[in-house]
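K.L.:
Here the structure of chain U is known, so what remains is to put chain Z in place on it, guided by the hints.
Line by line, the protein sequences are chains U and Z.
The numbering of the first sequence is the numbering used here, which starts it at 10 and goes up by one.
The numbering of the second sequence is the numbering used here, which starts it at 164 and goes up by one.
Source of the hints: derived by calculation from the structure; they are not laboratory data.
Ideal Cβ positions, reconstructed from N, Cα and C, are used throughout, including at glycine.
Just so you know, nobody snuck in bad clues.
From the derived model, a few chain U residues whose C-beta atoms are all more than 12 Å from chain Z:
#1 Thr77
#2 Ser117
#3 His201
#4 Ala235
Here are the simulated lysine-lysine pairs, DSS-like style, with alpha carbons at most 27 Å apart:
#5 Lys83/U <-> Lys252/Z
#6 Lys121/U <-> Lys141/U
#7 Lys141/U <-> Lys252/Z
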Amino acid sequence: MSYLELAGLQKRYGNAVAVDDVSLSVEQGESVALLGPSGCGKTTTLRMLAGLIEPNRGTMTLDGSEITRLPAHKRNMGYVFQSYALFPHLSVGRNIAFGLEERGASRSEIEKRVQEGLALVRLGGLEQRRPKELSGGQQQRVALARALVIQPSVLLLDESLSNLDAKLRDAMRHEIRSIQRTLGITTLFVTHDQVEALTMCDRIAVMHRGRIAQIGSAEDIYDRPATRFVAEFVGRANVLPLARDAQGRATVWEQLVPVEAAENADLFVRPQRMRIVPVSEPASGDAARLTGRVLRSVFVGDHVEVLVEGAGGQLTVEMPSGSAAPAEGSEVAIVWPRAESRVFVREAS
Amino acid sequence: MTGAGRVLSSFAALVYVMILAPIVVVVMLAFSADNFILFPPSGYSLRWFNQLASNGPLLTALWLSVRIAAVVTLLSLVVGVPAALALAKGQFPGKAALTGFFLAPLLLPTLITGLALLLFFSPLKLTATLPGLVLGHMTVTVPFVIRMMATALANLPDDIEAAAATLGATPWRVVRRVTLPLATPGLIACACLSFLLSFDETVISLFIAGPRASTLPVEMVRYVEGRTDPLIAALSVVLIVATLAVVLVVERLVGVARAVGK
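Bound-form chain U, shown alone (with noise of 0.2 Å):
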């Protein structure tokens, strides 16, 4: 049994389930990210682990023992929620100390823990400050460290990146990936940033309409979309409806595609796994191959999108940067690899 499992976990609230039978396996010292757009049941899930909110159904089970009727206080559980929650009314330092004097730790012990927490997340000497006498990138390390110093058994972590801005959002990613792995702690981490889940986590759950849609690692995820939600969701994709020719085969823009037709189907691949080669160069054998017409190419700083249109609709493949973008206009050939083709059928609306 894993370290941390949640079994067949549900929330309803009248008639509307928010979470519907979420099980998950996590081991002692992973970082699992919940990732999903707003309304997906990440943050009930994470609420439900610690305890701020009662499951309809399933268990959870820490470290062998149940804790699914553990109310909050009694779970250990390091919980950063996205809005901060600092205690205005008390220092910074007397924050970090919080969940230290409720566990009833000595005097000494206590200071020495909170000057750890403040050196862990490099705010040494603002304890005698009030929260709001803090930045944002500040005042999210405070409650990060206050979490930390009580050293539970799993760190929470909901949303708690989305309020900084890009530039402190990418610094403090890699603090806590390395604060994470420095501790070996337990860490789920909630958000619907898929660079975050990306690159903050070992795996990756991602939700949809209170379902886990499909669970593994970035590139699981990444290259091999399980549904067709997460094949949107997560990072862009191309989608190209599919038709077929008179003998049956699959089409776009009625090109041959070497796939499975399918009726209602959209074909998906994903701009970076795409070339743009001369239309005179011959068709490789295990290659998908289609021609169109350049419309445009936009130098985004690190790639190059070519905006590509043919028959039946448009397509962008990205281009490393530096390479010679075909000119607007011309005719080209777009190849991708066999297998980066995937096929969902259209979901009836």
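P.N.:
Here is chain Z on its own, set in the frame of chain U:
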């Protein structure tokens, strides 16, 4: 300023004048040197303030009103704050109905409350007693405290109590270490307003006060029924100054608490 703005400002000024004018009259009368109410006074003096200092019944009533207001405030908070906590934080059946029930006394005319209390207290021999007056005033202040504190508690920052719980604080410790400290500005404001509501309460007191226990507003009503001298105007000025002082103190305290807390 636009034309419409000027019209609105003038209108607002007019409303203020209409509200404040009677008070100006009272203040001028308080410093009158006349033997009876005459406006404008023919001369000015402090003689009615001196008279006030030696008026036994009014001073007794003032002292009774202060004691009642203090006890009422204390008991209203003791009863109202836990009720507000339960209504703001608890999850239990009938919560909405209970919230409405606590609002009802605020909507009921105090005239009716006063009559009901008189009928209810008479057989219990509670009329014209300190406990009777305290209970009577609490029918006004307790619902008020519950409403005000429930709002204050519901408006605490998101997740702050949840954070305390995840850090190991039991529900009771959460209330003591987080909820109440953060609600302190609201508590102070609530206490002061309860005090003033009780001190000012006239209608219910008229029903249940008696010669043995008469609050200041009741005593003042009786006084103006029988006498026409400016003594009550002098008393009014004292009360206005005292009230302003309380409001200023609250403003300072709550303002400071806000500055520290949020």
